[in-house]
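Chemist: From first to last, the protein sequence lines stand for chains V and G. Every letter in the first sequence is one number past the one before it in the numbering used here, and letter 95, counting from 1, is 648. Every letter in the second sequence is one number past the one before it in the numbering used here, and letter 21, counting from 1, is 574.
Treat the hints as calculated values from the structure; they're not laboratory data.
Same chains, same label: a pair holds when it works inside one copy or across any pair of copies.
Below, in silico cross-link-like pairs of lysine-lysine (BS3-like), each with a Cα-Cα straight-line distance of 30 Å or less:
| hint | residue 1 | residue 2 |
| --- | --- | --- |
| 1 | K564 | K575 |
| 2 | K589 | K639 |
| 3 | K579 | K625 |
| 4 | K625 | K589 |
| 5 | K575 | K634 |
| 6 | K625 | K564 |
| 7 | K625 | K575 |
| 8 | K564 | K579 |
| 9 | K579 | K639 |
| 10 | K564 | K589 |
| 11 | K639 | K564 |
| 12 | K579 | K589 |
Number of protein chains: 2
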Amino acid sequence: MQTTPINFTEKFGLFSEQWSPKIIAKMNDYHFKIAKIQGEFVWHSHPETDEVFIVIAGEMQIAFRDGVAALKAGEMFMVPKNIEHKPIAEQECHILMVEPAGTLNTGDAGGEHTLEEVPWI
Amino acid sequence: MQTTPINFTEKFGLFSEQWSPKIIAKMNDYHFKIAKIQGEFVWHSHPETDEVFIVIAGEMQIAFRDGVAALKAGEMFMVPKNIEHKPIAEQECHILMVEPAGTLNTGDAGGEHTLEEVPWI
Numbered sequence: 554m555q556t557t558p559i560n561f562t563e564k565f566g567l568f569s570e571q572w573s574p575k576i577i578a579k580m581n582d583y584h585f586k587i588a589k590i591q592g593e594f595v596w597h598s599h600p601e602t603d604e605v606f607i608v609i610a611g612e613m614q615i616a617f618r619d620g621v622a623a624l625k626a627g628e629m630f631m632v633p634k635n636i637e638h639k640p641i642a643e644q645e646c647h648i649l650m651v652e653p654a655g656t657l658n659t660g661d662a663g664g665e666h667t668l669e670e671v672p673w674i
Numbered sequence: 554m555q556t557t558p559i560n561f562t563e564k565f566g567l568f569s570e571q572w573s574p575k576i577i578a579k580m581n582d583y584h585f586k587i588a589k590i591q592g593e594f595v596w597h598s599h600p601e602t603d604e605v606f607i608v609i610a611g612e613m614q615i616a617f618r619d620g621v622a623a624l625k626a627g628e629m630f631m632v633p634k635n636i637e638h639k640p641i642a643e644q645e646c647h648i649l650m651v652e653p654a655g656t657l658n659t660g661d662a663g664g665e666h667t668l669e670e671v672p673w674i
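Using the sequences plus the hints, can you model the full thing?
Modeler: In structure tokens:
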């Protein structure tokens, strides 16, 4: 039995690129992914799944067509499926996401930010 | 759209009982649950599902038949399905768990700690 825990700070220390999620754990058919984000992402939605954001360090906003969720370290938000959203971070923010394996980061929007293969770290 | 984030510290301030998980979010058919733990839980396994532990505050151990995982705040561990484990915390520890809705806290072991209905908080 492998008994080393996953340390978030340690994992975030292993890469610097932004908007580039990395898988840190798999639970059944779900992935736990971390990402460094700064600036504005693209508007998108996930027609097939809810998505959870947990802020590990820093602050972020999740913009919706009719409001904005403001999150800081120690806070989480569940984005329901089919709801258009856009992650935003003024300063670099470190986040943990939970969603089904294979969920595209840009959802239905596609575009240059789309990552077809999310690497493990 | 409801845009208030879930704040872990705030949620932990709403109850004091130990070994009594509360649901704070639902993502698809998965629950995010928080619990205050101290002492030793029962040995058990979940034949049908993996289970994720994230330590929000304090320290805990997850004992296995062939080893021990030691976790502190900012660390997570994925317990594979079918693997016997026993959560332990010397001092009170605040944890976040992710698992399918309906997963019993005592898994296949049953007993006095079993919570059939996990409340929302």
